[in-house]
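Peer 1: Sequence:
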Amino acid sequence: RLLEKELSDGKAWTVSDSCALGASDVSAVAGTPLNLAMGNPTNRGLRTEVMEQYLDDAEASINWFRYGPASSRHIEEGTLRLSPLDKLRLELDEQWAHGATVLKDQRTGRPFLPGVGRITHGPTLGPDGFIHVDDLAPLTKQKGLFSANIYLEVPPQGGELQIWPVALRNNWDFYRHADTLSMLTVPDLPMQRRLRSILQELDGGSPLVVHPEVGDLILLCVQRPHAVQGIPMGSRVSIQSFITHVQNQPLVLDN
Numbered sequence: 010r011l012l013e014k015e016l017s018d019g020k021a022w023t024v025s026d027s028c029a030l031g032a033s034d035v036s037a038v039a040g041t042p043l044n045l046a047m048g049n050p051t052n053r054g055l056r057t058e059v060m061e062q063y064l065d066d067a068e069a070s071i072n073w074f075r076y077g078p079a080s081s082r083h084i085e086e087g088t089l090r091l092s093p094l095d096k097l098r099l100e101l102d103e104q105w106a107h108g109a110t111v112l113k114d115q116r117t118g119r120p121f122l123p124g125v126g127r128i129t130h131g132p133t134l135g136p137d138g139f140i141h142v143d144d145l146a147p148l149t150k151q152k153g154l155f156s157a158n159i160y161l162e163v164p165p166q167g168g169e170l171q172i173w174p175v176a177l178r179n180n181w182d183f184y185r186h187a188d189t190l191s192m193l194t195v196p197d198l199p200m201q202r203r204l205r206s207i208l209q210e211l212d213g214g215s216p217l218v219v220h221p222e223v224g225d226l227i228l229l230c231v232q233r234p235h236a237v238q239g240i241p242m243g244s245r246v247s248i249q250s251f252i253t254h255v256q257n258q259p260l261v262l263d264n
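Our numbering applies: residue 10 is where the sequence shown begins, and numbers increase by one.
These are computed hints drawn from the structure, not numbers from a lab.
You can take every hint at face value.
With a cut-off of at most 30 Å between alpha-carbon atoms, the simulated DSS-like pairs for lysine-lysine come out as follows:
(1) K96 <-> K152
(2) K113 <-> K96
(3) K113 <-> K152
(4) K150 <-> K113
(5) K96 <-> K150
The task is simple: from the sequences and hints, build the whole structure.
Peer 2: Shown next, in the form of structure tokens:
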């Protein structure tokens, strides 16, 4: 409910990147991802200042998740609790041979934002969602990008996660499927329908469909095509983080 209160207080921003079919469907709270902060046209030419502001906001967001929406001067009086992002990082650190950490600024050592809250209210603009990848790169054992999604509220229907078992593992695969891959970056409905048909014919065929429940943690490789189906009613509330894997190095959380 704290995430919904943050949204109602007008502190939310609307996702408008290529990974949201209905940009007005999804709002994010308790943090602004770096790519949006740096990509704001009003911030061009102000890289150092924007980075400092981003790091300040990231610190405030981490405290918000841990202490709730108390003002910074009252944090020392608040009750510290491990946020879902803290628990995720700690469990990954314990389970992964090389540990896990939060991405940090190389110049100052300050932490980046490890994740954000996302809220979607129905009815959404489209029933099928936007098939996309968050990193257009071959699948390898040496490195990869994953998404962690912690579900706090789910709608009575809709909101299923679809993941296509498509694995492009080399430059030749990319060359052969260049036209199809280009469709993964364009939120155009006719093109999306065509993309669904093409993916159905590739190795793997139909997507894996996951029905999230409250309290679930879902990890997926975001180099595979995936989509979140629309919701006709209700709300979907989640916390999302990206996890970067590089062989023989700690897992790194950011957003």
